[in-house]
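Chain B: place on chain A using the hints.
Single-letter residue listing:
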Amino acid sequence: MAASKQQHIDTLQEIRSLMERSSRFISLSGLSGIFAGIWALAGATAAYIYLDIMPFDRYKFYYTVIEQGRAWGISFEQFFALDALIVLLGALGSGVYFTTRRAKRRGQKIWDPVTRRLIVELAIPLFTGGVFCLILLYHGAIGFVAPATLVFYGLALVNASKYTLPDVRLLGLSEIVLGLIALFRIGNGLECWAAGFGLLHIVYGAMMYYKYERNVAQS
Amino acid sequence: MKHISTQLNKAFDHRIRLGLMSVLMVNDWVDFNTLKELLDATDGNLASHVKALEAENYIEVKKQFIGRRPNTSYAATALGRKAFNDHLDALEQLLKARD
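Residue numbers (this note's numbering), protein chains in the order written: chain A, 24 to 242; chain B, 305 to 403.
Keep in mind that the hints were calculated from the coordinates and are not lab data.
These figures come from a predicted structure and were not determined experimentally.
There may be inaccurate statements among the hints.
What the hints assert, rightly or not - To list a few chain B residues with every Cβ distance to chain A over 12 Å, as calculated: (1) Gly323; (2) Val365; (3) Thr376; (4) Leu383; (5) Ala401.
As the list claims (entries may be wrong) - Label pairs and their in silico Cβ distance ranges: (6) B:Lys367 to A:Glu37: 17 to 23 Å; (7) A:Arg237 to B:Lys367: 44 to 50 Å; (8) A:Gly163 to B:Gly371: 46 to 52 Å.
Every residue, glycine too, gets a C-beta built ideally from N, C-alpha and C.
One chain only, chain B, in its complex shape:
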């Protein structure tokens, strides 16, 4: 299995991070609560995975106020999109290789 992990992106090896990127690939800006519901994650759990992807520059963050309540939204960066597409290609290659 070791030789494969060089192709698959480590940043996406967790269910929540993979899900986060999947959602952001097909939506412009998605807020924290919507992501939480879609991914069935807790506040703290989602926040830590968001930070990890942010650190890789795969997603960008926008903080604003809706009325008096703070609202944070996320979007995939061009770098993030490329990394995710590469990751998908790697997955596809792995499946093909075993057929």
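Chain A on its own, in the form it takes in the complex:
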């Protein structure tokens, strides 16, 4: 009797695992999040150094400093475009690296219909947000750009979370809340940006790593 009960449990577990594997991209590595966070913090640090301000510097709101910014022989537009590009490529690169590595270890394919769906669902709000931010820049509303990236990134994560680990949804909601707070506190946009893309990624990445990967590595 006990053996057949175990059989039923195994059956149910296999059903569950197949449902999950076929509809969610579960190879996403927490280490991707941690490294994305480190890249973002490095990018934010570079911005502070460029603008020659300290975090929460009440007397020097970064968007007023920005307009005079011309350190290192480049304008602030060039600096921010370059800084953002390096952070984005670094985060994407380490994300793809750790996630591919995890998928390989688990013997799973990285490119399948689920991954494609995940990327499309991520891309729709991200692309919208990207264009939205360019329009903000066009109108000179520089202070709104950092909060807007947080809000749209959060929406993209919430939207894509149904095709990957459920923790991503919570990360997305946190990014949205932080983005809305940043919209109120326009002068602290860079601090909020560093908290959202840096700290939150590191916290959630570490949480996901401990939850899904550490035990697997040990066993």
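Relative to chain A, chain B alone:
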């Protein structure tokens, strides 16, 4: 054990058929090759189990061409979904009864 098999659905008593239905319950249309990889089955093996479920009207088949290559996808029918849910309920009942 005999009295239980009246509740559990015979159509799902094989690992591949059970897996096939599990995948189709949570996806709209899934093609043959994706199923093959997910279930770790050979062409012939999967094809025969697909036929068995098709004969029960639990799944429907869509054949199309992607470029020049034929591509066959599968989806669960309403009847198949109900049968699978009943099967899961029966499994659950069995586990509860023994606790």
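Comparing the hints with the structure gives:
1. Gly323: 5 Å, violated
2. Val365: Holds, because the least Cβ-Cβ distance between Val365 of chain B and chain A comes to about 17 Å, which exceeds 12 Å.
3. Thr376: 14 Å, holds
4. Leu383: 19 Å, holds
5. Ala401: 10 Å, violated
6. B:Lys367 to A:Glu37: 17 to 23 Å: Given range 17 to 23 Å: violated, Cβ gap about 29 Å.
7. A:Arg237 to B:Lys367: 44 to 50 Å: 45 Å, holds
8. A:Gly163 to B:Gly371: 46 to 52 Å: 49 Å, holds
Taken one by one, the earlier hints fail for this structure at numbers 1, 5 and 6, listed in ascending order.
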